[in-house]
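There are 2 protein chains.
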Amino acid sequence: MKNFIFQNTTRLIFGKGMISELHKQIPQGKSIMVTFGGGSVKQNGVYDQVIEALKGHNYVEFWGIEPNPTVETLRKAIDLGKSKNVDFIIAVGGGSVVDGTKLIAAGLKYDGDAWDIVKKGYADDSVPFAAILTLPATGSEMNEGAVISRTETVEKYAFTNTFPQFSILDPISTFTLPDFQIACGIADTFVHVMEQYLTVCGQSRVMDRWAEGILSTLIEIAPEIRKNKQDYDLMADFMLSATMALNGFIAMGVKQDWVTHMIGHEVTALHGITHGQTLAIILPATMSVLREQKKDKILQYGERVWQVTSGSEEERIELTIKKTEDFFRSLGLATRLSELNVGDDSIAEVERRFNERGVAFGEAGNVTGTVAAQILRAAK
Amino acid sequence: MKNFIFQNTTRLIFGKGMISELHKQIPQGKSIMVTFGGGSVKQNGVYDQVIEALKGHNYVEFWGIEPNPTVETLRKAIDLGKSKNVDFIIAVGGGSVVDGTKLIAAGLKYDGDAWDIVKKGYADDSVPFAAILTLPATGSEMNEGAVISRTETVEKYAFTNTFPQFSILDPISTFTLPDFQIACGIADTFVHVMEQYLTVCGQSRVMDRWAEGILSTLIEIAPEIRKNKQDYDLMADFMLSATMALNGFIAMGVKQDWVTHMIGHEVTALHGITHGQTLAIILPATMSVLREQKKDKILQYGERVWQVTSGSEEERIELTIKKTEDFFRSLGLATRLSELNVGDDSIAEVERRFNERGVAFGEAGNVTGTVAAQILRAAK
Chain A
0 MKNFIFQNTT RLIFGKGMIS ELHKQIPQGK SIMVTFGGGS VKQNGVYDQV
50 IEALKGHNYV EFWGIEPNPT VETLRKAIDL GKSKNVDFII AVGGGSVVDG
100 TKLIAAGLKY DGDAWDIVKK GYADDSVPFA AILTLPATGS EMNEGAVISR
150 TETVEKYAFT NTFPQFSILD PISTFTLPDF QIACGIADTF VHVMEQYLTV
200 CGQSRVMDRW AEGILSTLIE IAPEIRKNKQ DYDLMADFML SATMALNGFI
250 AMGVKQDWVT HMIGHEVTAL HGITHGQTLA IILPATMSVL REQKKDKILQ
300 YGERVWQVTS GSEEERIELT IKKTEDFFRS LGLATRLSEL NVGDDSIAEV
350 ERRFNERGVA FGEAGNVTGT VAAQILRAAK
Chain B
0 MKNFIFQNTT RLIFGKGMIS ELHKQIPQGK SIMVTFGGGS VKQNGVYDQV
50 IEALKGHNYV EFWGIEPNPT VETLRKAIDL GKSKNVDFII AVGGGSVVDG
100 TKLIAAGLKY DGDAWDIVKK GYADDSVPFA AILTLPATGS EMNEGAVISR
150 TETVEKYAFT NTFPQFSILD PISTFTLPDF QIACGIADTF VHVMEQYLTV
200 CGQSRVMDRW AEGILSTLIE IAPEIRKNKQ DYDLMADFML SATMALNGFI
250 AMGVKQDWVT HMIGHEVTAL HGITHGQTLA IILPATMSVL REQKKDKILQ
300 YGERVWQVTS GSEEERIELT IKKTEDFFRS LGLATRLSEL NVGDDSIAEV
350 ERRFNERGVA FGEAGNVTGT VAAQILRAAK
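Top line first, the protein sequences correspond to chains A and B. Numbering that gives the first Met the number 0 applies: residue 0 is where the first sequence begins, and numbers increase by one. Numbering that gives the first Met the number 0 applies: residue 0 is where the second sequence begins, and numbers increase by one.
Keep in mind the hints are simulated off the structure, nothing from the lab. One or more of the hints may lead you astray.
[Stated by the list, open to error] List of simulated lysine-lysine pairs, DSS-like, C-alpha gap at most 27 angstroms: (1) B/254 / A/15; (2) A/254 / A/118; (3) B/119 / A/23; (4) B/118 / B/228; (5) A/254 / B/228; (6) A/15 / A/321; (7) A/1 / A/254; (8) A/23 / B/379; (9) A/226 / A/321; (10) B/118 / A/1; (11) B/321 / B/379; (12) A/108 / B/23; (13) B/108 / B/29; (14) B/54 / B/83; (15) B/29 / B/54; (16) B/119 / B/226; (17) A/1 / B/228; (18) A/254 / B/15; (19) A/23 / B/108; (20) A/1 / B/379; (21) A/75 / A/15; (22) B/1 / A/228; (23) A/254 / B/23; (24) A/108 / A/118; (25) A/226 / B/15; (26) A/1 / B/321; (27) B/15 / B/75; (28) B/83 / A/15; (29) B/15 / B/1; (30) B/54 / A/228; (31) A/119 / B/23.
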């Protein structure tokens, strides 16, 4: 096991009707900004619950944080927040709203342009903020990271050091999500686990089993959710899985990969394809191209998660990758670039960008632009 | 899934040589108390490392926090701490030292007798404190609870609301532990998981799998540790399991039991038997007496953790309980009260105490003194 330091300070408030806890959690005497995406929270009743809890507080609303939130939008929120001396923020929506709010929170404590914080990869300070989550996927509600896009330059990067003070998750607020968003959320959660798990064997028995436990849960609940997305216990398991998949709980003492995400972010930046959808396309290809390096862990994953126990090692690896791709397909997602008209020119552009950055990714630090292009070609 | 609020603020600093992080973590300008049990930390080198890190700090040492720490001892530490205006404490040792330190930390912020805090079950305030853990077992290094004994009245109770600010866990510091302490630590960890897991089915798929993941890990590593307790990766897995077993991570949204602990505490209070040893005796008997109520979960546990899949339900339950008892026996522990000369008079006394308190325990709230006595008779 690798040495590690773990700390996660976010208070997780979870369950049916728990948005009613909000009024107890909001600190008194603050100038509050409430941030939103589009209008879905007005349809599912969450907006009304939040406004009710804010009675007696001084607050301003900021609407329009888009999927793959852009620094261009967030600069406006930061300007508004500075003009109102905002010192507490409540994000209401999915992972994009939470991610965007993290940059607003950091930007309010920074004098220069907010993109500096993203490029630095680290927020030195931020105003306290909370989240009311309505879409399980990114884990942003209980971690310190955020991913921000920049339209001007078609870039997408992550920064860190921004934990929500608290997050409220009511599975009922997910009942009205479109099927495609649920599918992408399940794929995103699945791949978050894989990025922390599918590296090498023998690092931590507990972490391995916790990762496998989330994967097995997703595989078990996904077809049931397709049948009935208003089953409370199913959606509660999905929502808890998404949070636990990326809050550091399964990352203790183990190497991490993140190649699928690094490539996926580029595909999103270039084509605007939803994040979870890109991951469903890239992950099986990553496994296929890196099958030698990841051999032992793919075999363990195949055996424990997919009950693949017979055949030669090569056959078991092949079947395990196929089962992974089939799983994403069963969610209703595309699993090939060609289905979404991503062609060779985009592959070349991703290769160029990887090379330009001059860093190689993955647990072995060997995924250069050349390897990324191999992975993308395997995903065609 | 039940509604829940989860928060765990402790910074976990884990790995080989990580005690060297201590000097960076100690806040400046504090009047520090360092608390110890017996002298084992002088043999394993931990004492020297701690003293090295404390160079330049103002500190006082308090020695002699015993296993099953007593309020009588801790009152002395509180008096010393008050006289020195102590405002930061570092506990160095096993769970008893950490538990005792929690009462010292709370007692330093309380004007009356420290036993009031234990009887109230909750510390309103406490001075910040940290732990250097040398014995994996109680989970106290990353939770807010502590169990304190009172010699005068032969009582043992828990109180809460005291999270360590940080805890440092170096698996190497466990290499010199006596076999019996390791066995009790494994049993304690196993039963902590069972208290949160072996209730009813269908509450949370993730929490079930995480609990089963720790149990399976303990079953896998225990015989290997018996062969070589200086294998770093084995002891790291054990140490991480013990912390994860009782830091709230597997308790989200699920009912809890704690009957085995409630009975075990009484046996320890009456006979001074080591905590983990009492649990190894009581758990199989609890499962046996409550087999109807816990039927579905015992079957799931048997199948997933012990691969018990054939036979009638009654046969599978019987075999699963037997495998649990055999596991404790394989650790070198007693699994029957008669082996430790606990007789009918003690059973009657535990029954009397349960009835006197007038509360019934367990996930169904039905374990009265009468049922506790049944469990103890089944453990004879």
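**Study point:** Violations among the numbered hints
**Key:** 4, 6, 8, 10, 16, 20, 21, 25, 26, 27, 28, 29, 30
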